[in-house]
Amino acid sequence: MVSIDRLTRVHNRNHYELQVPLEIERANRNKMSLAFLIIDIDDFKKINDTYGHDAGDRMLRLVAQTVRASLRKIDLLFRYGGEEFIVLLPGAAIDSARRTAERIRGVVARAEAAIEGGKKLKVTISIGGCIYPAHAQNESQLFRMADKALYAAKEEGKNRVIFCGE
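To convert a position in the sequence shown, counted from 1, into the numbering used here, add 191.
Hints listed in this document are in silico derivations from the structure and should not be mistaken for laboratory results.
Hints may contain errors.
[Stated by the list, open to error] Simulated pairs of lysine to aspartate or glutamate, EDC-like, Cα-Cα distance not exceeding 16 Å:
#, residue 1, residue 2
1, 345, 234
2, 236, 275
3, 313, 233
4, 349, 214
5, 339, 248
6, 264, 214
7, 345, 303
8, 310, 293
9, 313, 245
10, 345, 233
11, 311, 245
12, 311, 214
13, 313, 234
14, 349, 275
15, 313, 330
16, 345, 275
17, 310, 245
18, 345, 330
19, 349, 286
[Said to hold, decoys possible] FRET-style restraints, in silico, Cβ to Cβ:
#, residue 1, residue 2, range
20, 243, 205, 26 to 32 Å
21, 220, 357, 28 to 34 Å
22, 345, 220, 22 to 28 Å
23, 222, 303, 41 to 47 Å
24, 210, 315, 23 to 29 Å
25, 331, 307, 39 to 45 Å
26, 221, 301, 33 to 39 Å
Cβ atoms here follow ideal geometry from the backbone N, Cα and C, with glycine treated the same way.
Build the full structure now, drawing on both the sequences and the hints.
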């Protein structure tokens with residue numbers, strides 16, 4: 192349980208920090224790419240402020256479960272912190288990573304969670320992506336480049352996917 196986030200039941204940041212170097216090493220050894228996605232729930236603070244932290248927790252669980260259901264068995268999902276998640280897609284090049292990211296974005300946008308009083312809440316996500324080794328040569332560059340792409344997705348109106356270099 193040390194590697195699992197109690198709220199969302201996906202891998203936590205500690206496990207991320209152990210796993211990323213291993214996945215980069217595996218990509219190098221197998222001469223394959225590794226796609227890196229950062230997912231951020233759009234306007235999450237507004238959900239907590241408007242509907243309370245219980246509703247925020249439900250949305251975090253909804254996003255985690257929805258994303259996990261959209262991934263292959265070899266893909267890895269981590270709750271990085273707050274409302275941010277990271278996905279590693281071993282062997283995925285830019286085209287397949289973009290398709291996966293867009294699928295995740297669309298599935299999350301259609302999902303809904305019931306909150307107190309029977310009200311249904313929906314949420315959107317923004318995703319920044321980067322490919323190792325095409326866009327970055329190490330873990331810190333991967334994170335930095337994907338985070339920069341995520342920031343661009345937020346700046347361009349949220350609920351979108353942007354990969355580094357776009």
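Going down the list of hints, with the structure as the test:
no.: 1; hint: 345 x 234; in the structure: holds, 10 Å
no.: 2; hint: 236 x 275; in the structure: holds, 12 Å
no.: 3; hint: 313 x 233; in the structure: holds, 11 Å
no.: 4; hint: 349 x 214; in the structure: violated, 29 Å
no.: 5; hint: 339 x 248; in the structure: violated, 26 Å
no.: 6; hint: 264 x 214; in the structure: holds, 14 Å
no.: 7; hint: 345 x 303; in the structure: violated, 21 Å
no.: 8; hint: 310 x 293; in the structure: violated, 27 Å
no.: 9; hint: 313 x 245; in the structure: holds, 15 Å
no.: 10; hint: 345 x 233; in the structure: holds, 8 Å
no.: 11; hint: 311 x 245; in the structure: holds, 13 Å
no.: 12; hint: 311 x 214; in the structure: violated, 38 Å
no.: 13; hint: 313 x 234; in the structure: holds, 11 Å
no.: 14; hint: 349 x 275; in the structure: holds, 14 Å
no.: 15; hint: 313 x 330; in the structure: violated, 33 Å
no.: 16; hint: 345 x 275; in the structure: holds, 13 Å
no.: 17; hint: 310 x 245; in the structure: holds, 13 Å
no.: 18; hint: 345 x 330; in the structure: violated, 23 Å
no.: 19; hint: 349 x 286; in the structure: violated, 21 Å
no.: 20; hint: 243 x 205: 26 to 32 Å; in the structure: holds, 28 Å
no.: 21; hint: 220 x 357: 28 to 34 Å; in the structure: holds, 29 Å
no.: 22; hint: 345 x 220: 22 to 28 Å; in the structure: violated, 35 Å
no.: 23; hint: 222 x 303: 41 to 47 Å; in the structure: holds, 42 Å
no.: 24; hint: 210 x 315: 23 to 29 Å; in the structure: holds, 27 Å
no.: 25; hint: 331 x 307: 39 to 45 Å; in the structure: holds, 42 Å
no.: 26; hint: 221 x 301: 33 to 39 Å; in the structure: holds, 35 Å
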